[in-house]
Amino acid sequence: MQWEIVIGLEVHTQLSTNTKIFSGASTAFGAEPNTQADAVSIALPGVLPVLNKGAVERAIKFGLATGAHISKRSVFARKNYFYPDLPKGYQISQFDLPVVGQGALTIQVEPLVGNAQPYEKTVRITRAHLEEDAGKSVHGNSQGVTGIDLNRAGTPLLEIVSEPDMSSAAEAVAYAKTLHSLVRWIGICDGNMQEGSFRCDVNVSVRKPGEPLGTRREIKNLNSFKFMHQAIDYEVQWQIDTIENGGKIQQATVLFNPETGETRSMRSKEDAHDYRYFPDPDLLPLEISTEWIDQVRQTIPELPQAKINRYVNELGLSTYDASILTASVETAVFFETVLTAVPTDPKVGANWIIGEVNAQLNRDGLEMSQCPISAHQLGGMLKRISDGTISNSGAKEVFRTLWSEGGDADAIIAAKGLKQVSDVAAIESLVADIISANAEKVAEYRSGKDKLFGFFVGLAMKASKGKANPAQLNDILKKKLDG
Amino acid sequence: MIQSSLTQMGAALRAKKISSVELTQNYLDRISTLNPALNAYITLNPEVSLEQARAADVRLAAGKTDALTGIPIAQKDIFCAKGWRTTCGSKMLHNFVSPYDAHVISQFNSAGAINLGKTNMDEFAMGSSNETSYYGTVKNPWDTARVPGGSSGGTAAAVAARLCAAATGTDTGGSIRQPAALCGISGLKPTYGVVSRYGMIAFASSLDQAGPMARSAEDLALLLNTMAGFDERDSTSLQRDKEDYARDLVKPLNGLRIGLPKEFFAEGLGSDVAQTVETSIGEYKKLGATIVDISLPNTKLSIPVYYVLAPAEASSNLSRFDGVRYGYRAPEYTDLADMYEKSRAQGFGAEVKRRIMIGTYVLSHGYYDAYYLQAQKIRRLIAQDFVEAFKQCDVIMGPTSPSTAFKLGEKGDDPVQMYLSDIYTIAVNLAGLPGMSIPCGFGANNMPVGLQIIGNYFDEARMLNVAHQFQLATDWHTRAPKL
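Protein chains in written order, with our numbering: chain C, 1 to 483; chain E, 1001 to 1483.
Source of the hints: derived by calculation from the structure; they are not laboratory data.
Among the hints, a few may not be true.
[Unchecked claim] If you want a taste of the chain E side facing chain C, the calculated C-beta under 8 Å gives, among others:
| # | residue |
| --- | --- |
| 1 | CYS1080 |
| 2 | LYS1082 |
| 3 | TYR1100 |
| 4 | PHE1230 |
| 5 | ASP1322 |
Backbone N, C-alpha and C fix where the C-beta goes; we use that ideal spot for every residue, glycine too.
Just chain C, same shape as in the assembly (with noise of 0.2 Å):
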């Protein structure tokens, strides 16, 4: 029997101002406990919010990036619920009037099943809103007690959150890859997972094609994109064996376990807290005026979509291709960068980031930021390929180097002589040599023993000490053996 899966997601995304949201403490991760929680964060009887407007800046900048509708006026409101790590027993949120509206996104989904192929589908986020993140609450310390750090009390955060358009577990990472992507290529956020600075929640529910929606159960506080690809997984088998086994799905949050790969009822729907929301009366609406709208649009740079559409078009470069390039804004820049090196052939940075950068770093547990090779002295490399200085596997030598100890594509050529011999007469010469050399060979190919070409190649590539241009040495050689 067929199952439809289907997906939303809910995404925590913390912003990268230096101060709260409500407050002018500092928000930076790492800190001794409690060091940054000032009067506001931890509710000190008396205090006050006051709005961070480069909070709100970055929340309009990803309306603007998502083609969202930016709510001219919004309200902040209490979200009402006792807990140690929340001081004021409330949270300042956004309900029913949040700053962004209804946008899109999208994606590149990569299916890991069969050979299906890499395609392009376009993802709604319903909403996005402001609003501030909890402490934390510390257990089992050496008296056995719980102590709360309210250092990030009033974190700012935005919950962006999607329609349930998603069908597959590819379908959802690709999703919070790509908006993880898009959240750092904007500079809202450092897209920090391990640090908690990118949260999901992803709801899930299956149901028969043609069927309204099943019930949800909430997957809570996934921090990567490998956990979330194993919950989704173990989630959807679960309902699938559920209902098949006659059971009903209840309401539920979930929480993922990395350990034992399953998820795990934390609290049912009737479990659920009333949250009372109403506006916060200490907090004006929030008035976005176009001016200030045209103003976060001039700082939005070239987005992940518009690139991968030049990429295609002015450049020739395949979707697939240009969608790994924008993967992140590192990697796109370190694209054009290497471009610069060598604008006719964008295909040969394309390839040597794609192949081997890409896989290099991945063997080395790299970030691009962290790449050991820049973007300069890798298109120093490329414009030597393109000229014809070295051969491709010369130039993996040159990589490799390059990776290892630093330095320049041109200094490596030149102290490991690996400049290839284009050189006409030189090569002609050699290329007689081996003719002659070789007189009973030759008769063979020259008999029609076409294969017998790859032979005189090597001996060729051999005799050049693997310098000759490849592409010169095969003409010669054509032309002299055919002659």
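Could you slot chain E onto chain C? The hints should help.
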């Protein structure tokens, strides 16, 4: 000296006829003698007050003075003052020593005024008789068997008994005006947003406003000059040019149009109060004012609207008092939920709990629209009534409270009867308008009667002018209780 106006006191200090230390000591001595019977103060800190007085004397000697330099001012215990215990009249904050100054406190500190002590008040400003204070009932200096009004009852009693030169109050539904009326002093609640709420412990954020309480309108003007002004730490603080509230005090009242709302002179108003207020209106006619009959048809709804909105905001504002970070924590508890429940059950008094429960109820899912939203709509209608009224008149007058000070314990068992004592004051808070009360005679049992003056938005200077001219023509404001 303790009977002098603030202007006279300031002049005497600057002329070195008396030092701030002497003046402060005079008040402290008087407090030692009289406060035990009145219970107007919760916390005194004589050493800190005298230290401030010594600093003020240095400043006076240097000639770097402000109108209030060296003058002892009492602060309602709702304002956080650095190093001072700040209880808000509650057991919940019995041990809370504020690490910071409220805006109002820092304004007085920069002016060189002396913080003489923290005055008693209804718990979290919820009450109209000062009987809900954890620190015991304040007695009305005119008759210690009677209430001083509330919630700024300690301040009103202290000013009336000359236990301070002047003092601060806060007014959410009449908490400055009603105790001022019941204790025979002058009090002003400014337009919402004129005085910063930063550091003033919140009861109902959209209604709370701090203001001065003193023996005359002239004194109120000086105090308001110090208290008012934009503060970026309060998002509802209004960005306006600094003004001198004393500038119009001496203007004659020829042509002043006084609106008398028929709703303020209807059933429920004590005949003694009605008669005294009408006599005062007669005085205004002599001063050149004309009377306009007006109607505020929706003000009859102000008590039900207020008792939806104020508790709603309070239920959320008071969530921070959870025993986790500061304030009262139950000595014994079994787990987190138990700690919350016991700490709040033991830390809050009955009236506070009643309002938290009402507020929680009206914000609950399924009731929000019927109560909270409906109340907000009516709030707008009430405000609109005033807009219409001010097209016909310059100020509105009427009784501040339907009766003179009632007996201690008289209304304690009946919250609705208690709520009705604010029937003429609440609409002003709902509309955000400025309102004041000045003494205008004596009613039954020789207890003071207050005349309420309501002005248009930002019309404080005119209201003070209207009050001052009355006080030039009458001597009610100079009458002092015999102690």
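Here is how each hint holds up against the structure:
Interface hint at E/CYS1080: satisfied, since its Cβ lies 5 Å from the closest Cβ of chain C, which is below the 8 Å cut-off. Checking E/LYS1082 against chain C by beta carbon gives a least distance of about 11 Å; that is not within 8 Å, so the hint is violated. This hint holds: E/TYR1100 has a C-beta 6 Å from the nearest C-beta of chain C, less than the 8 Å allowed. Violation of the interface hint for E/PHE1230 is found here, the shortest Cβ-Cβ separation to chain C being roughly 12 Å, above the 8 Å cut-off.
This hint holds: E/ASP1322 has a C-beta 6 Å from the nearest C-beta of chain C, less than the 8 Å allowed.
Violated hints for the displayed structure, listed by number in ascending order: 2 and 4.
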